[in-house]
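Chains A and B, in that order, give the protein sequences.
Here the first sequence is numbered in numbering that gives the first Met the number 0, starting from 0 and rising by one per residue.
Here the second sequence is numbered in numbering that gives the first Met the number 0, starting from 0 and rising by one per residue.
Read the hints as simulated data drawn from the structure, not as lab findings.
Note that the structure is predicted; figures quoted are calculated from it, not measured.
You can take every hint at face value.
You can't tell identical chains apart in this list, so a pair holds if it fits in one copy or across any two.
In silico DSS-like links for lysine-lysine, alpha-carbon gap of 27 Å or less:
hint: 1; residue 1: 21; residue 2: 285
hint: 2; residue 1: 8; residue 2: 264
hint: 3; residue 1: 194; residue 2: 90
hint: 4; residue 1: 346; residue 2: 333
hint: 5; residue 1: 21; residue 2: 264
hint: 6; residue 1: 61; residue 2: 307
There are 2 protein chains.
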Amino acid sequence: MANSNPAYKNLPGGYLFPELAKRTRAFSEKHPGVKIMRLGIGNTTEPLPSSIIKGLGVGVKKLASVETYTGYGDEQGNTELRKKIAEVKYKKAVEKIEADEIFVSDGAKSDTANIQELFSKESIIAIQDPAYPVYVDSNVMAGRTGKIRENGQYEGIVYMPCTEKNGFFPEIPQEKVDIIYICSPNNPTGAVATKEQLKKFVDYAIKNKIVIIFDSAYERFIYDSSLPRSIYEIPGAKRCAIEINSFSKEAGFTGVRLGWTVVPKTLMTEDGANLNSLWNRRQCTKFNGASNIAQEGGIAALDKKGLKETQKVIDLYMKNASVIKKGLESIGIKCYGGVNAPYIWMKCPNQMSSWDFFSKLLEEANVVCTPGSGFGPSGEGFVRLSAFGHPKDIKKAIESIKKNLKI
Amino acid sequence: MANSNPAYKNLPGGYLFPELAKRTRAFSEKHPGVKIMRLGIGNTTEPLPSSIIKGLGVGVKKLASVETYTGYGDEQGNTELRKKIAEVKYKKAVEKIEADEIFVSDGAKSDTANIQELFSKESIIAIQDPAYPVYVDSNVMAGRTGKIRENGQYEGIVYMPCTEKNGFFPEIPQEKVDIIYICSPNNPTGAVATKEQLKKFVDYAIKNKIVIIFDSAYERFIYDSSLPRSIYEIPGAKRCAIEINSFSKEAGFTGVRLGWTVVPKTLMTEDGANLNSLWNRRQCTKFNGASNIAQEGGIAALDKKGLKETQKVIDLYMKNASVIKKGLESIGIKCYGGVNAPYIWMKCPNQMSSWDFFSKLLEEANVVCTPGSGFGPSGEGFVRLSAFGHPKDIKKAIESIKKNLKI
Chain A
0 MANSNPAYKN LPGGYLFPEL AKRTRAFSEK HPGVKIMRLG IGNTTEPLPS SIIKGLGVGV
60 KKLASVETYT GYGDEQGNTE LRKKIAEVKY KKAVEKIEAD EIFVSDGAKS DTANIQELFS
120 KESIIAIQDP AYPVYVDSNV MAGRTGKIRE NGQYEGIVYM PCTEKNGFFP EIPQEKVDII
180 YICSPNNPTG AVATKEQLKK FVDYAIKNKI VIIFDSAYER FIYDSSLPRS IYEIPGAKRC
240 AIEINSFSKE AGFTGVRLGW TVVPKTLMTE DGANLNSLWN RRQCTKFNGA SNIAQEGGIA
300 ALDKKGLKET QKVIDLYMKN ASVIKKGLES IGIKCYGGVN APYIWMKCPN QMSSWDFFSK
360 LLEEANVVCT PGSGFGPSGE GFVRLSAFGH PKDIKKAIES IKKNLKI
Chain B
0 MANSNPAYKN LPGGYLFPEL AKRTRAFSEK HPGVKIMRLG IGNTTEPLPS SIIKGLGVGV
60 KKLASVETYT GYGDEQGNTE LRKKIAEVKY KKAVEKIEAD EIFVSDGAKS DTANIQELFS
120 KESIIAIQDP AYPVYVDSNV MAGRTGKIRE NGQYEGIVYM PCTEKNGFFP EIPQEKVDII
180 YICSPNNPTG AVATKEQLKK FVDYAIKNKI VIIFDSAYER FIYDSSLPRS IYEIPGAKRC
240 AIEINSFSKE AGFTGVRLGW TVVPKTLMTE DGANLNSLWN RRQCTKFNGA SNIAQEGGIA
300 ALDKKGLKET QKVIDLYMKN ASVIKKGLES IGIKCYGGVN APYIWMKCPN QMSSWDFFSK
360 LLEEANVVCT PGSGFGPSGE GFVRLSAFGH PKDIKKAIES IKKNLKI
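Put together the whole structure using the sequences plus the hints.
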């Protein structure tokens, strides 16, 4: 008799974004004439630049001819792409990142969700609160937590609050933990960790044999060159950290699907397992490589021309971020993030709750935001606004907020 | 202190295909002049037909323009593609398969490996022996088994031997089991289950509230129209079976990456969980949809023209199968499969072991096969030959076997 995974029962009803889509749809059906402006999901909107389109086209064309057709590739990814990622992305690493420490995937979401499989079920995980929901949900599904408490926190998870008080970067946890998830530039708060802040965690992790899962999916949005774009810019990180990154936001690949994870060969668990070997085994057994077409696009995106062209798109999104931030601040709303990060973390006026403000913003200004409480209890009282959108739509949304939101 | 998943330690050294590649490479390095002919991995070799190339090209072109650019799609897949799969693939289903029962993925391997997550850790799984290694390995990694025994079987797994005696289709297991994996057309034996054979399992599963994971990745290779191409051609299957399929072999998408899984909404576990909802939650949390380019290719592959063109490629591979089978039989070698399936299951002459014959075939005929024991203990004494290859290479390989193999 087949029984279900009991850990799934610990999950609340809906994953944040489908829930958000549902509520937006309901509003739309009730108000059929109203045009809704979306600042909710961090979904790219700008077309791919010509060099990447060319790269993807090459990928397709190769499949049309018997001389260049390829079937299964290496589960770990195209060798050229792995080398290119190592070269382009980890120039500033304290210790060199090798191509065989890079595992290409179909995106950061899968890797972020799957990486926990490498660790024992008893591992205690620590997460930033608020955080990208996948860190928590994947661990809930793996049975690493208890039930959800009334305050929205799960039993068994150590929450590291990121609040106005600590500048949205957490203190070292007081409790014993085994795995720490850190995201910088942060989704949803837009906060970017400094080298000093990361160093504290790296030193602590090495001392206590903790593994850090570092999510750097938004690193291209860092304009301030003194801020670290990779945890490997911190001495010792190759002995304690896995880094997950993606082409989604920096190259507009949210639909194309391509990402990578760095698992240093020097990274060992307390019980003597080499995490590079474990991840290799995991990927060889449960994954069959990223699409060869997407990988050709990834190679093009990391070429000189590709980097230049994607920079223009990133600049466009960051101008949006500035428009959102300034617009909201002009009507007295408190905003964080939006500099070195494509997300604006907005404080709800008048102590409103996240979902209440979500409804208010939708009803009064017809703008969709993401309720901060969806990212964890410390997100309560905030909403996330995304800079991914066409500039004219962003401007319209901000104008509508300025004109119609009653605060 | 981070500790590793102890279940990973139960896995033997290498996944079958990387191991095979390693041994082949070692031979190659020792004999640098020798041209190796590969009948090992089931990797497609023929270029994609024009309609699919066109479809993929449309997918790329859409991303170049602001009007047609798409980012994140539905985690469950493109609606048009889901509808098309339901229509084209499940015409003969006893009960209609709906589009929202189809979940598009990046390929059958991922789904095959991930589907076990939905079930309790205590679930006892039954697998055909021999079988595609992912069924066993994904359950080993999930901690659902004990250690591997000397005979190559894992403690805690129920093996259903598929042998010459039972025509390579298993009996109903005697032991209590919860989940049964069945693959037809079978990888590696090439055996195809009849309706009567599947009905026995479906009836047994319904009676005992067992879930069948049915792998139909090779259904397009069935030429005999009396044989079922889907388990949903069996009455009641919608109450007990999940079906996993792929564009890899039928449309040459081994590198493009696209597959799907059918989870009927009527499929419940003993403890009352709806598996369609659970899989939906799993995919929404841990997967971000298949590549939008690949999905455009999938739509093209299921169009009339696409189906006609892919049929020609399948015909080519099946002619290869016939060449292999007839060639080997002409020198007195016993072969199974190769009809309604792209794999030939060859009995090693003179009671040789699978790996011994692998070495002999490589050394004497310079042909790579896949050792049957790699698919499970009952595969010992057999090797798998794959019909995926250019016809001229297949002919050469068979000529070399006929000329050089000393039996």
